[in-house]
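What follows is the residue order along each chain.
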Amino acid sequence: EAGVAQSPRYKIIEKRQSVAFWCNPISGHATLYWYQQILGQGPKLLIQFQNNGVVDDSQLPKDRFSAERLKGVDSTLKIQPAKLEDSAVYLCASTSGYKDTQYFGPGTRLTVL
Amino acid sequence: AQRVTQPEKLLSVFKGAPVELKCNYSYSGSPELFWYVQYSRQRLQLLLRHISRESIKGFTADLNKGETSFHLKKPFAQEEDSAMYYCALSGGNQGGKLIFGQGTELSVKP
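Protein sequence lines correspond, in order, to chains A and B. The first sequence: position 74 = 74 (my numbering), numbered continuously. To convert a position in the second sequence, counted from 1, into my numbering, add 113.
These aren't lab readings, by the way, just hints derived from the structure by calculation. Treat the hints with care, as some may be off.
Listing some non-contacts, in silico: residues in chain A with all C-beta distances to chain B over 12 angstroms [stated by the list, open to error]: (1) Gln-6; (2) Lys-15; (3) Arg-16; (4) Val-19; (5) Ala-20; (6) Gln-59; (7) Asp-63; (8) Arg-64; (9) Phe-65; (10) Asp-74; (11) Gln-80; (12) Leu-84; (13) Leu-113.
Straight-line alpha carbon distances no greater than 25 angstroms define the calculated DSS-like cross-link-like pairs of lysine-lysine that follow [unchecked claim]: (14) A/Lys-44 - B/Lys-222; (15) B/Lys-170 - A/Lys-99; (16) B/Lys-128 - B/Lys-178; (17) B/Lys-178 - A/Lys-44; (18) A/Lys-44 - B/Lys-128.
Partial pick of chain B residues on the chain A-facing surface, computed with a CB cut under 7 angstroms [stated by the list, open to error]: (19) Leu-157; (20) Tyr-199; (21) Gly-208; (22) Gly-214; (23) Gln-215.
Every residue gets a Cβ at the ideal spot worked out from N, C-alpha and C, and that includes glycine.
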């Protein structure tokens, strides 16, 4: 079974620029999560989707971050404009049901200069 | 407040020595507790969860509700156990989102 796919794997941008990340979950997984992992910390949830609906976006900085999952499969996370403190690894995870095991993608490492 | 605390950033042991990675949590209710592991250049993956009460790769963890702890233990460490270990919790009404600790790097020396 193919795992969670993410792209790009690495991205370097300057502050105030925009960036987008893509996630393809495991086939059939209805629940998708985006986590932010700052260096030296554990992952922190940004947003959770159930199919194409948002379940929890309470920790998403909505003035600059947005995410969508239009057809209930792939998802994109966007930052506009980026700040230095957005430098982190962005992890996507998916699960067939919210009580089931979350499977993580390899992450996208973002560096904001 | 919901929180997971891993007091050690780095734990270094010799091969064959016992290992205990500490995890304490704060949660009002009945959370589900997990240990995730990330080996070098690999993705984050589930090691074990308290409800399954399994032993995975020789690791065990017991949920102590009185002490709000979920420490990870292995009697004899192997070099291939070297990795980052994250303790995490999920609340019953939280939609499955995971709250992670800051992680402990385990280094097993030969």
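Checking a non-interface call: every C-beta of chain B should be farther than 12 angstroms from the C-beta of A/Gln-80. Is that right? 24 angstroms, holds
Assertion that A/Arg-64 lies outside the chain B interface [Cβ separation over 12 angstroms]: 21 angstroms, holds
Can we confirm that no CB of chain B comes within 12 angstroms of the CB of A/Gln-6? 9 angstroms, violated
A/Val-19: least C-beta distance to chain B exceeds 12 angstroms? 21 angstroms, holds
Restraint satisfaction for B/Gln-215 [CB to CB of chain A, less than 7 angstroms]: 5 angstroms, holds
Would you settle whether the hint for B/Leu-157 is holds or violated, based on the nearest Cβ-Cβ distance to chain A being less than 7 angstroms? Cβ of B/Leu-157 sits 4 angstroms from chain A, so the hint holds.
Quick one, are A/Lys-44 and B/Lys-222 close enough, alpha carbons at most 25 angstroms? 31 angstroms, violated
For the pair supplied as a hint, B/Lys-128 and B/Lys-178, confirm whether the alpha-carbon distance does not exceed 25 angstroms. With Cα atoms ~31 angstroms apart, B/Lys-128 and B/Lys-178 exceed 25 angstroms; violated.
Are the Cα positions of B/Lys-170 and A/Lys-99 separated by 25 angstroms at most? 23 angstroms, holds
Is the interface hint for B/Gly-208 satisfied, with its Cβ closer than 7 angstroms to some Cβ of chain A? With a closest approach of 5 angstroms, the B/Gly-208 hint holds.
Is it true that the CA of A/Lys-44 sits at most 25 angstroms from the CA of B/Lys-128? With Cα atoms ~32 angstroms apart, A/Lys-44 and B/Lys-128 exceed 25 angstroms; violated.
Check the non-interface label on A/Asp-63: least C-beta distance to chain B beyond 12 angstroms or not. With a cut-off of 12 angstroms, A/Asp-63 remains clear of chain B, as the shortest Cβ separation is near 21 angstroms.
Hint check: violations occur at hints 1, 6, 14, 16, 18; the rest are consistent with the structure.
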